[in-house]
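Participant: Sequence:
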Amino acid sequence: MIQKIVAIDTHTHINHGSKFDSSPDSKLYDATLEYLVSVNRAAKIEKMFCSTFSSVLSTEEVETENQYMEDLVKRVENLYQWVVIEPRNENTFKQAETMLYSGKCVGIKLHPPCHEYTLEEYGDKIFSFASEHDAIVQIHPEKDADYILDFANKYPRVTFIMAHMGSFGEESYADAIAGAKYGNVYADTSGIASSKNKGIEYVVKRIGSEKILFGTDTYSPGFQRGRIEYALISEQDKQNIFKENAERLFRKFL
667 MIQKIVAIDT HTHINHGSKF DSSPDSKLYD ATLEYLVSVN RAAKIEKMFC STFSSVLSTE
727 EVETENQYME DLVKRVENLY QWVVIEPRNE NTFKQAETML YSGKCVGIKL HPPCHEYTLE
787 EYGDKIFSFA SEHDAIVQIH PEKDADYILD FANKYPRVTF IMAHMGSFGE ESYADAIAGA
847 KYGNVYADTS GIASSKNKGI EYVVKRIGSE KILFGTDTYS PGFQRGRIEY ALISEQDKQN
907 IFKENAERLF RKFL
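With the sequence shown counted from 1, adding 666 to any position gets you the working numbering.
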């Protein structure tokens, strides 16, 4: 049964008490590690690839938050780190140079909208660095996801994951994957946009399921999982999205 597949969450965040945490005062929202571990257990999600909310919502404490995550993943077996780079902060590049080789840092996380920069201005700086380290880069897009193609085709050693599939239209995510000359563009299902009727199905029909990764972005893991489990796609497609694509892409870490 598909429900027995153990999933890998390639895109999530945690709160831990920073003043920049997402919804820190909400009684109906909980993104602490302890809570996410509990709900993930119920949703059969085994591993989490994570950055803190504070590191992506603000530029003020990125260095501190990266260090917090590196220390945390050393103590928590099934937790892995995305190191956040803020391109105007050279120290975040220095952190990444070390953290990318820690064994539990799966790649680089970028959030241009919240950090208020554009890839048009800083993309070459970031992706030339990522290319030197054969890094995987997860990106919160600024606009239609296929805008990444100029960089993807320029930097074949970098793997690009365009987050929140459907946020800027499913077509642009499918176009980004299909247009990558080196097969180095992926998408993840994290966020509310993937709940749209036929969204998952459209992308799978157009470009297959081999470049789609499962993620939650801390939206209810059960809800996110159900969207894949009950999608009108094949059982193999579901296995690819839940786990097998991540196992292939991140095999040196898992």
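Please note that the accuracy of each hint is not assured.
Below, a list of computed lysine-lysine pairs in the DSSO-like style, where the Cα atoms sit at most 30 Å apart [claimed, not checked]:
hint, residue 1, residue 2
1, 740, 820
2, 740, 710
3, 791, 820
4, 670, 820
Since the hints were made in silico from the structure, they are not lab data.
Participant: Hint by hint, which ones does this structure get wrong, listed from lowest number up?
Facilitator: 1 and 4
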